[in-house]
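K.L.:
Sequence:
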Amino acid sequence: MKVEVFTQDDYKVLVDRLDRLERRINEAKETSKPIELYTNSDLVKLLKVSSRCLQNWRDQGLIDFCQIRSKIYYPGDDVRRFIANNKFKHFNII
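full-length UniProt numbering puts the sequence shown at residues 1 to 94.
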C-alpha cells in the first residue's frame, strides 16, 4: 500500500486554488443577476410624473430606455443613475 504525504506546500496550493475558484463563482453570480426593468406605468407611479414628462425626458436624452416594439422599458440601474444625477442638496437661506 502506497502512502501519500500531504505537505504544507501542497496545502497552500490547494487553498490558493479554492480561493480562486470561490472568486470565479462569486464573479459568475454577479454577472448572472436578472436585469431589473421598469415600464412607463411603473415610473409614472414611482416618480409621480406624467407619461408625457417621461416622453420629454427620453426626447431630451435625460433618461436611458430600451424599446421593444411599442413597449418602453427603463433599466433599473439607469433609473437610479438618473435619480442620483438629479439630486440636489438642501441648504438653508437666512
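For the record, the hints were derived by calculation from the structure and aren't laboratory data. It is possible that some hints are incorrect.
Claimed, not checked - In silico lysine-lysine, DSS-like type, Cα no more than 27 Å apart, as pairs:
#: 1; residue 1: Lys-12; residue 2: Lys-29
#: 2; residue 1: Lys-48; residue 2: Lys-12
#: 3; residue 1: Lys-48; residue 2: Lys-89
#: 4; residue 1: Lys-12; residue 2: Lys-45
#: 5; residue 1: Lys-89; residue 2: Lys-45
K.L.:
Next step is simple, just say for each hint if it's right about the structure.
P.N.:
The hints, checked one at a time:
Distance restraint check for Lys-12 and Lys-29: the Cα-Cα separation of roughly 26 Å lies within the 27 Å cut-off, and the hinted pair is therefore satisfied. At roughly 57 Å between alpha-carbon atoms, Lys-48 and Lys-12 are farther apart than 27 Å, so this suggested pair is violated. Distance hint between Lys-48 and Lys-89 is fulfilled; the C-alpha atoms sit about 20 Å from each other, no more than 27 Å. A distance of roughly 55 Å separates the Cα atoms of Lys-12 and Lys-45; the hinted pair therefore is violated under the 27 Å criterion.
A hinted pair counts as satisfied when its Cα atoms are at most 27 Å apart, and Lys-89 with Lys-45 qualifies at roughly 24 Å.
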